[in-house]
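**Q** Sequence order for the protein chains is A and B.
Note that this note's numbering gives residue 143 to position 143 of the first sequence, counting from 1, and the numbers run on in steps of one.
Note that this note's numbering gives residue 75 to position 75 of the second sequence, counting from 1, and the numbers run on in steps of one.
Heads up, some of the hints might be wrong.
Cross-link-like lysine-lysine pairs, in silico, DSS-like; alpha carbons within 30 Å at most [stated by the list, open to error]:
id	chain 1	residue 1	chain 2	residue 2
1	B	Lys61	B	Lys17
2	A	Lys22	B	Lys17
3	A	Lys22	B	Lys20
4	B	Lys166	A	Lys160
5	A	Lys22	B	Lys148
6	B	Lys165	B	Lys148
7	B	Lys165	A	Lys160
8	A	Lys22	B	Lys157
9	B	Lys165	B	Lys61
10	A	Lys160	A	Lys91
11	A	Lys160	A	Lys22
12	B	Lys20	B	Lys61
13	B	Lys148	B	Lys166
14	A	Lys91	A	Lys22
15	A	Lys160	B	Lys61
16	B	Lys61	B	Lys166
17	A	Lys91	B	Lys166
18	A	Lys91	B	Lys148
19	A	Lys91	B	Lys61
20	B	Lys17	A	Lys91
21	A	Lys160	B	Lys148
If you are wondering where the hints come from, they were derived from the structure by calculation, not from laboratory data.
Please read all numbers here as calculations on a predicted model, not as lab measurements.
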Amino acid sequence: MNIMTNTGFEISALVDDLRPVKPVRALPALLWALAIAVAGIAAISLLRDFRVDLLAGQPTAMFLMRSGILALLGGATGYSVLTMAQPSVGKQNGGWIIAIAFAALFPLGGIIALMTGDTTLSNASNASVFRCLGFSGITGFATAIPMVLALRRGAPTNTKRAGWLTGLAAGGMGAFAYSFFCPFDSLAYTGFGSRWLWRLPPLPGG
Amino acid sequence: MKAGEESLRTLMIRAQKGDKRAYTVLLEESSRWLSRFFAQKIAADVVDDLVQDTLISVHRKLASYDNSRPFLPWLAAIARYRWVDRLRQTYKHEAKALDFDIAQDGHEDVVGAKISIDRLLAHLPDGQAEAIQYVKIQGLSIAEAGAKTGQSESLVKVNIHRGLKKLAALIESE
Chain A
1 MNIMTNTGFE ISALVDDLRP VKPVRALPAL LWALAIAVAG IAAISLLRDF
51 RVDLLAGQPT AMFLMRSGIL ALLGGATGYS VLTMAQPSVG KQNGGWIIAI
101 AFAALFPLGG IIALMTGDTT LSNASNASVF RCLGFSGITG FATAIPMVLA
151 LRRGAPTNTK RAGWLTGLAA GGMGAFAYSF FCPFDSLAYT GFGSRWLWRL
201 PPLPGG
Chain B
1 MKAGEESLRT LMIRAQKGDK RAYTVLLEES SRWLSRFFAQ KIAADVVDDL
51 VQDTLISVHR KLASYDNSRP FLPWLAAIAR YRWVDRLRQT YKHEAKALDF
101 DIAQDGHEDV VGAKISIDRL LAHLPDGQAE AIQYVKIQGL SIAEAGAKTG
151 QSESLVKVNI HRGLKKLAAL IESE
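Pulled out of the complex, with its shape left as it was, chain A reads as follows:
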């Protein structure tokens, strides 16, 4: 039997095509991304030594602050991205704004550090910069996978924002993973080095 709506549209075809679906959930996808970041730390530890202060059991204040803010950036932004997969008028998902505001302290602090004579950035070897980019980028890219899959199953109404927030979240998680190995504590290095790690490719298909 053909079922018509009041607009004359046949909905039978849609009904016939119905299959049970598992609703998209933000939290499991976020936990997957965080688990991948932790796996990234484990993988990097096979190739690189942990920071000296961590091995000594006395993490520096800069490490704690940097890793904390990167975890906040990756986690809060990642959660916001994943809630975008479930559209709803009136839903608040602006946690990413606060996380970005916190993370912006690094580039701002970096500018001040450069102006006051911090030379770590110019003295850092290309090898260390590329190593940082490589490990962070690969880990970040892997953490993006569950987020992209969730977004593709969901229905983000602002695909452009979903794309760059995914890059930001994945970059934050990747940089967090490498922060356990990055030997630099300079504000200038953190501010301008990590700035590039946040920029991953936009959401495929977005």
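Keeping the supplied structure of chain A fixed, place chain B upon it in accordance with the hints.
**A** Relative to chain A, chain B alone:
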């Protein structure tokens, strides 16, 4: 009889589990709700197409509904997305009288008011909202809209472009 928010939510939860009878009722009720939702917000001859497009999007994105949340704000987000998408298409249509009978069907309850298209348009500056209202919704020409609003033709075009861009970014806002 119109189905309420709670019964629509229950139908949707059953539909997500594969219940075809519940899904049939849900799509029928959603179709009626969408017709009222879009009335007066796009040319009358396009409403049916827009309802169908939205129902197809609903079907394709069933998994995106979070069943711990209300149903109508989810449906409205998809409907607004499809509406903005349709406005962005450079279609030309004849200006036709809008269907006031449908528009006055009383769906503007508390929930409806918060998720209505009017609410979305209210976020735009007056110039942008007027340009979209006259050209994209009522079907006037750029020149006619310019004469009505006191804007130059180029400003009408710029306001439409900027307004639609802003609407696209505001789809989930109340």
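**Q** Does each hint fit the structure? Answer for all of them.
**A** Structure-based check of each hint:
no., hint, in the structure
1, B:Lys61 x B:Lys17, "holds (14 Å)"
2, A:Lys22 x B:Lys17, "holds (8 Å)"
3, A:Lys22 x B:Lys20, "holds (16 Å)"
4, B:Lys166 x A:Lys160, "holds (13 Å)"
5, A:Lys22 x B:Lys148, "violated (50 Å)"
6, B:Lys165 x B:Lys148, "holds (23 Å)"
7, B:Lys165 x A:Lys160, "holds (12 Å)"
8, A:Lys22 x B:Lys157, "violated (43 Å)"
9, B:Lys165 x B:Lys61, "holds (23 Å)"
10, A:Lys160 x A:Lys91, "holds (18 Å)"
11, A:Lys160 x A:Lys22, "holds (25 Å)"
12, B:Lys20 x B:Lys61, "holds (16 Å)"
13, B:Lys148 x B:Lys166, "holds (22 Å)"
14, A:Lys91 x A:Lys22, "holds (21 Å)"
15, A:Lys160 x B:Lys61, "holds (18 Å)"
16, B:Lys61 x B:Lys166, "holds (24 Å)"
17, A:Lys91 x B:Lys166, "holds (18 Å)"
18, A:Lys91 x B:Lys148, "violated (36 Å)"
19, A:Lys91 x B:Lys61, "holds (18 Å)"
20, B:Lys17 x A:Lys91, "holds (24 Å)"
21, A:Lys160 x B:Lys148, "violated (34 Å)"
Violated hints, in rising order: 5, 8, 18, 21; the structure is consistent with all others.
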